[in-house]
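> Sequence:
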Amino acid sequence: MPDLDRRSFIAAASITASLVSAPVVDAREPAKVKSISAMTITPDGRLVLADWRGGALHVVDLPKPVGSGKRAAFNLAAFDEALAMAGSGRVRATALAWQEPAGRAIVAAEIGGRVVIALATADGSVTIHDPDDWHVQSLALFDLPGEGSLWGKASVRTLTVTCFAWQGNELLISGIANADFASTLRRIAYPFDKQPKSTRIEMYHAVHNQFETRAPIRAMDVITLEGIPHLLAAYTCTPLVIVPLAKLAEEKAVRAKTIAELGFGNTPLSITAFAIEHQGRRSDWVLVANAAKSADLIPLPAIAEAAAGQGLVEPVKAPFDQFAGVRAIPVPLGNLVAVADQGAEFLLALRRDAQTGALELVSFRKGAFFRLSDHVNEYDMPGYAYPEDDSFQQGYIRPFHAMMKRDEGHAELIR
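Residue numbers 1 to 415, in the numbering used here, belong to the letters of the sequence shown in order.
Please note: incorrect hints may appear among the correct ones.
[What the hints assert, rightly or not] With a cut-off of at most 30 angstroms between alpha-carbon atoms, the simulated DSSO-like pairs for lysine-lysine come out as follows: (1) K32 to K247; (2) K366 to K405; (3) K366 to K293; (4) K153 to K64; (5) K194 to K64; (6) K194 to K32; (7) K194 to K34; (8) K197 to K247; (9) K153 to K32; (10) K317 to K293; (11) K153 to K194.
[To be verified] Beta-carbon label-pair distances, calculated as ranges: (12) D193 to P399: 26 to 34 angstroms; (13) L139 to G357: 36 to 44 angstroms; (14) L150 to N209: 18 to 26 angstroms; (15) G265 to L413: 33 to 41 angstroms; (16) A189 to G265: 31 to 39 angstroms.
Simulated from the structure, these hints should not be mistaken for laboratory data.
Glycine included, every Cβ here is placed at the ideal spot set by N, Cα and C.
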């Protein structure tokens with residue numbers, strides 16, 4: 001789609017960003033890509049789309065990046081307004097991915113029922129595209145879930161594919177399958193030239209005190225423990241489970257080991273394993289980002305210790321004793337819609353502004369896990385000065401604030 005114009009959108013806590021938008025996206029009949037519930041970048045830089053309406057995976061070629069692809073924090077407020085310029089009707093973001101070599105965010109959305117993909121860079125450039133224009137390949141999925149309704153407002157088939165993870169060139173695909181709505185992990189080597197292999201997964205949910213076979217994995221990542229790759233996964237109501245990948249390759253059905261209950265009434269959005277280098281020391285972590293509670297930060301060694309143990313086998317007494325197993329550090333990532341790993345320094349997030357409800361595309365620095373400009377405290381009041389004789393304020397807090405202000409587009413406020 002050709003670019004239409006350049007304009008600016010400026011909102012609270014945002015940088016001044018130039019918007020490159022496309023003309024109204026015309027509905028294409030029949031569309032190849034009918035929906036997007038999850039996305040991931042392939043080892044050779046293409047994009048895989050999960051299409052629950054079409055019951056398929058699509059592979060598309062991404063256009064070459066324009067501009068520097070500068071690696072920087074995103075501060076795009078009112079992002080839904082940028083999306084809405086491509087058409088009329090309700091705007092709903094459905095998936096998020098990060099393309100590291102190009103330094104750009106990829107956002108899937110539906111605008112008035114039409115599927116689009118937005119490409120965005122940290123300088124504020126946003127272009128809207130029809131994914132059918134990039135289509136390379138479609139792979140129909142067999143064993144689709146049967147017909148059914150969830151709370152009278154969504155098809156069960158929306159859970160056909162819930163998330164992706166990679167192990168080398170093998171794509172792991174979580175979701176549900178078959179007429180009995182079995183929780184399933186599909187595996188397929190890339191490039192796709194065969195049907196995926198499937199394994200049914202069950203787990204013990206200590207808050208519900210039952211073994212569950214239908215609830216799908218909602219977030220997952222592959223981690224390596226003592227040289228052995230494992231699948232780390234989280235479900236609605238936030239049980240955290242682990243299983244060696246070798247078991248998934250060898251067996252038709254597996255029971256994952258439940259190593260934590262992280263809190264009920266929540267849907268996990270992503271699991272990200274990463275390392276932090278600080279003062280010459282490395283520490284390894286896992287972050288579980290959530291839709292309805294604080295994110296959970298867990299030391300990787302604690303997960304390794306729990307994986308070597310028995311796992312949870314007894315119920316917890318919710319609501320007052322809802323936590324069990326591996327202990328997590330709550331970190332203040334809130335109002336999240338989707339989260340992606342943005343490389344060594346940042347997490348990329350779609351979130352809703354708590355005051356305006358606007359959809360934002362923003363970055364969170366790893367290690368901080370919050371945005372300074374979301375809050376007003378003593379340091380932000382007119383006339384405040386960091387005490388000259390306070391080594392903690394001068395040596396730690398002041399440079400930390402300066403770094404965060406630069407990240408968030410407020411360098412002019414550095415004191």
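> Next step is simple, just say for each hint if it's right about the structure.
Hint-by-hint comparison with the structure:
1. K32 to K247: violated, 35 angstroms
2. K366 to K405: Holds - the C-alpha atoms of K405 and K366 are around 15 angstroms apart, at most 30 angstroms.
3. K366 to K293: Answer holds: K366 to K293 is near 18 angstroms, not above 30 angstroms.
4. K153 to K64: Given pair K153, K64 is violated - Cα atoms ~38 angstroms apart, limit 30 angstroms.
5. K194 to K64: Cα-Cα ~28 angstroms, so holds.
6. K194 to K32: holds, 20 angstroms
7. K194 to K34: holds, 22 angstroms
8. K197 to K247: holds, 13 angstroms
9. K153 to K32: holds, 24 angstroms
10. K317 to K293: OK: K317 and K293 at ~19 angstroms, within 30 angstroms.
11. K153 to K194: Violated: K153 and K194 sit about 34 angstroms apart, past 30 angstroms.
12. D193 to P399: 26 to 34 angstroms: violated, 52 angstroms
13. L139 to G357: 36 to 44 angstroms: Since L139 and G357 have Cβ atoms about 37 angstroms apart, the given range 36 to 44 angstroms holds.
14. L150 to N209: 18 to 26 angstroms: holds, 23 angstroms
15. G265 to L413: 33 to 41 angstroms: holds, 37 angstroms
16. A189 to G265: 31 to 39 angstroms: holds, 38 angstroms
Violation of the numbered hints given earlier is confined to hints 1, 4, 11, 12; the remaining hints are satisfied by the structure.
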